[in-house]
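Given chain A's structure and the hints, the job is docking chain B onto it.
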Amino acid sequence: MRLLYFASVRQKLGWGEETLALPGDVTTVGALAAFLAARGPSYAAVFTDLRPLRAAVNQTHARFEDPVGDGDEVAFFPPVTGG
Amino acid sequence: MDILIRIQTEPFDAAAVLERFAAGAVVSFIGRVRAEPGLQALRLEHYPGMTEAEIERAVAEAGQRWPLTGAAILHRVGELKPGEPIVLVAAAAEHRHEAFAACEFLIDHLKTKAPFWKEERLVSGSHWVDAKASDDDAAARWG
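Protein sequence lines correspond, in order, to chains A and B. My numbering puts the first residue of the first sequence at 1, with every later residue one more than the last. My numbering puts the first residue of the second sequence at 1, with every later residue one more than the last.
Source of the hints: derived by calculation from the structure; they are not laboratory data. Warning: the hint list may mix true and false statements.
Pulled a few chain A residues facing chain B out of the computed Cβ check, cut under 7 Å [what the hints assert, rightly or not]:
1. Leu3
2. Phe6
3. Ala7
4. Thr27
5. Thr28
6. Gly30
7. Pro79
Note that the structure is a prediction, hence the values are computed from the model and not measured. Backbone N, C-alpha and C fix where the C-beta goes; we use that ideal spot for every residue, glycine too.
Same shape as in the complex, but just chain A (with noise of 0.2 Å):
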C-alpha cells in the first residue's frame, strides 16, 4: 500500500510518503489509522484523535468506515483550504 501525507499532517510525521504492507486485519480507513497511531508518538499525535483528520483511497475523499486493500493509495491530510 502507497500512503501520502499531506500539509500539517506531513509536517507532523517528518515524511510525505511510505510504503506499507497491509497488515490482513486492518481492512477499513479508520483501522489502519488505528494500526497507525500505534507505531510511535509522532504517528500517534496525527491518528489518535480523528475528528481533524481527512482522508482519500485512490484520489477519492473517503470515510473512516470506507475498505482499504493493500493495492490502494490512501491519503491523510487536514481538511482542504483552498480556492
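Just chain B now, kept in the frame of chain A:
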C-alpha cells in the same frame, strides 16, 4: 463543454482564458491573497492527481446541473505574495443565471473538496490555515 483545468505555479492570464468562451454569458471569479498585517506570503500545497480528479468531478456535476458550454478552473500552488491571484473560476452558458450559479457552485466545491492547503508565512513564523465552517455551509447549500 469546453473545459480548462490547470494547476500551476506561474500567474494566469485571466483575459485570455475568458476570451476562449464565445457563450452569451461568461461569469468569472478571481481569488487573491488578502493583504493582512504581518503576512509575508502564502504557500499552497496540493495532492497532484487527486486535485485534478476532484475538480473534474466538480465540473462534471456543474454540467449536469446547468446547461454550460464551458468551464475553467486555474489554481496556483507554491509561494504567493499578498495581492497575487490564487484562483480563477469561470463558467460559460447562454444565459447569466446559469453562469452565475455554476461559477458559485464551482468555487464552493473547490474550497471544500479540492485537496489544496494554505500555509501562512508571517513575520512571527509559519502556520497552516484552518478550514472555515462557513465554507462547508456554503457548499452544503448545493445539496
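Comparing the hints with the structure gives:
1. Leu3: Violated, about 13 Å.
2. Phe6: It holds, given that the least Cβ distance between A/Phe6 and chain B is near 6 Å, below 7 Å.
3. Ala7: holds, 4 Å
4. Thr27: This interface hint is violated because 22 Å lies over the 7 Å limit.
5. Thr28: Hint violated; A/Thr28 Cβ to chain B Cβ min 20 Å, cut 7 Å.
6. Gly30: Not OK, violated: A/Gly30 not within 7 Å of chain B, min 20 Å.
7. Pro79: Constraint on A/Pro79 satisfied, holds at 4 Å.
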